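Asks: Here are the chains, one letter per residue:
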Amino acid sequence: MTKESGAFGPFGGQFAPETLMPALFELEAAWSEAQADAEFLAELDSLLRDYVGRETPLTHAARLSEQLGGAQIWLKREDLAHTGAHKINNALGQVLLAKRMGKPRIIAETGAGQHGVATATACARFGLECVVYMGAEDVRRQALNVFRMGLLGAEVVPVDSGARTLKDAINEAIRDWVTNVRTTHYLIGSAIGPHPYPVIVRELQSCIGREARQQLQEKIGRLPDVAIACVGGGSNAIGLFHPLIDDPVRLIGVEAAGEGLAARHAATLSAGSPGVLHGTRTYVLQDEHGQITEAHSISAGLDYPGVGPEHAWLMLTERAEYVSVTDDEALEGLKLLSETEGIIPALETAHAIAYAATLAPTMSSDETILIGLSGRGDKDVEIVRDALTLRSS
Amino acid sequence: MTELGRRYREAFDASEAQGDGPLVFPFLAAGFPSPEETPDLVRAALRGGAGGLEIGVPFSDPLADGPAHQRAYTVALAAGAALETALEAVRCAREAAPDAPITLMGYLNPFLSFGASIRSAIGTPGDAVGQPLDALAQRMAEAGADGVIVVDLPVDESDAAREVFARHGISMIYLLAPTSTEERIAAVAERASGFIYLVSLTGVTGAREQVAADFEAFVGRVRALTDAPLAVGFGISRREHVEEVGRLVPAAIIGSALTTAIASAPSDGRVAAVERYLEVVTGRRSEETSE
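Sequence order for the protein chains is A and B.
Residues in the first sequence are numbered consecutively from 1, following my numbering.
Residues in the second sequence are numbered consecutively from 394, following my numbering.
Hint data in this document are derived by calculation from the structure and do not stem from the laboratory.
Just so you know, these numbers come straight off a predicted model, no measurement behind them.
The beta carbon of each residue, even a glycine, is placed where N, CA and C say it ideally should be.
Be a bit skeptical, because a hint or two may be false.
[To be verified] Coverage of chain B stretches by chain A, computed from C-beta distances (three or more under 8 Å per stretch; other residues unrestricted):
(1) 516 to 525
(2) 543 to 549
(3) 586 to 596
(4) 629 to 636
Working from the sequences, and respecting the hints, build out all of it.
Replies: Printed below as a string of structure tokens:
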């Protein structure tokens with residue numbers, strides 16, 4: 001019984017407890033059938049168009065480009081999708097899949113709450129029971145998103161184990177799934193976890209890169225020179241990168257360097273090592289005993305000590321580059337985009353902006369940078385206010 | 394090097410010959426509540442009537458474990474426990490009980506930390522986790538271990554790892570769950586050595602009031618495909634559970650209830666609590682006199 005599928009070279013795979021293995025096979029089968037089912041694809045398309053508001057715009061950041069004095073910057077506006085981030089693309093697709101598998105109950109993990117809100121939204125739209133696991137620390141930090149999920153009819157379960165953040169929420173969601181696997185679909189929010197999740201999430205997020213590729217060709221008649229996206233688990237990045245993978249486009253993933261790579265951070269690819277976490281072999285943050293260490297980022301959505309296995313593979317094969325940006329630099333990136341373009345990005349996205357701001361001046365004005373603007377910053381204004389107040393005092 | 398699976402085979406054969414009910418394999422989390430206490434608790438479990446032992450390797454993210462083991466691992470890690478603590482427990486058990494089968498149980502990532510990670514682009518994820526296990530397998534064999542249970546290494550990804558362990562005389566013990574399909578049961582049956590670990594219910598580790606109602610049917614499905622010795626775990630906590638499952642399988646594994654007994658004993662009474670608990674679940678002492 002050797003498995004070939006689900007592997008990205010030596011990364012990926014299915015490192016899950018036996019109880020879950022049949023469910024993973026069931027999911028894989030349901031996904032391939034759905035991919036071949038015109039009715040499923042049409043329903044998803046129509047939802048993405050009429051409910052999410054796709055396609056999302058591609059905006060030329062003219063003032064930002066001018067101020068940086070180099071490459072022309074274009075923004076793929078996932079912040080304008082329903083619920084304010086790219087997470088809804090995946091949540092709706094997987095809810096449709098769960099319906100198809102006859103699973104009436106959905107569980108999910110959430111860090112900042114964006115994936116939780118997207119999942120609660122999709123469940124409300126289809127009348128499915130929804131339970132969201134969220135680290136107790138994140139419940140405290142993101143009280144407003146907890147309330148939003150409640151409004152949407154979801155039950156939010158605070159998780160008190162470990163550091164009480166995203167990693168622990170995933171552990172608890174998996175424990176729920178082990179227990180209720182016959183009736184429940186685990187709706188993972190990033191391109192992580194055992195096969196087939198990294199593939200499913202990538203495919204459901206690939207609308208980002210497909211649309212951007214075509215929109216940019218329509219607007220300027222060519223492909224970008226560079227595509228940049230932030231990477232926590234890496235779902236928006238893989239969604240942007242994958243449709244460009246065979247094109248001569250530099251792909252750059254930006255991780256969260258937190259307080260710096262020598263201190264607390266979440267830069268798994270930049271400063272981690274290969275290991276197995278949450279069902280997949282990938283890069284992880286770990287100590288010399290193989291214990292997973294706590295990640296840190298000002299952005300809760302990047303605050304994860306693992307990363308999608310396909311990104312590990314893209315790094316190993318040198319098809320994509322991975323860099324990192326600190327909390328402070330991300331805050332500067334957030335201010336920069338807000339002041340030059342009137343767009344307040346999510347703190348996650350601000351990492352990509354910050355890196356683009358250092359790269360653009362080294363490029364010429366006839367070159368192009370495409371940034372995945374993964375989400376809007378409304379959820380973060382309180383954290384940003386506190387951080388900026390602290391830094392100016 | 395021990396012949397693959399010898400101690401398991403001899404223990405199951407001897408138990409069957411004696412006909413005095415199933416073997417009890419207690420699970421002890423290495424380093425809980427402290428690395429210093431683990432050797433005494435191991436010896437106490439063996440004195441109390443353990444037919445073999447499972448030594449748990451602490452992990453920061455035990456996603457198949459319930460609250461009792463999560464807490465035990467957190468306490469153990471905070472007290473400085475590591476894979477070395479578990480190997481020391483194996484050595485200690487081997488010294489105290491030369492014939493008892495001793496199994497190491499844990500999650501992949503701490504196991505992988507013993508060997509260099511494969512950074513090349515060659516091979517599958519299964520190869521990439523299998524090859525670095527050689528150093529661990531050698532250390533396990535030196536310590537006197539008979540088998541290994543890797544909770545998050547399902548049969549599908551296990552071939553490279555199983556071969557590495559087998560080279561050092563270590564049996565790879567597979568888990569089967571009530572959700573396992575006939576195809577998966579057959580794949581495990583084909584590869585099993587030592588015993589097959591039946592997870593009695595769909596859920597995480599932890600004591601339950603009753604043995605799962607569909608357990609007998611599950612055993613029947615497995616029995617139809619293999620003659621390998623079976624042991625049942627997850628949710629087994631009392632003598633009555635041991636007797637009940639003992640009618641179907643030759644061994645029972647008890648984890649969370651023992652962990653809880655250790656956690657709730659006074660600090661100078663943990664050794665006695667382990668010994669007494671084992672005496673009760675193995676039927677050497679009646680529950681009434683244990684109170």
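Asks: What are the numbers of the hints that this structure violates, sorted from low to high?
Replies: 4
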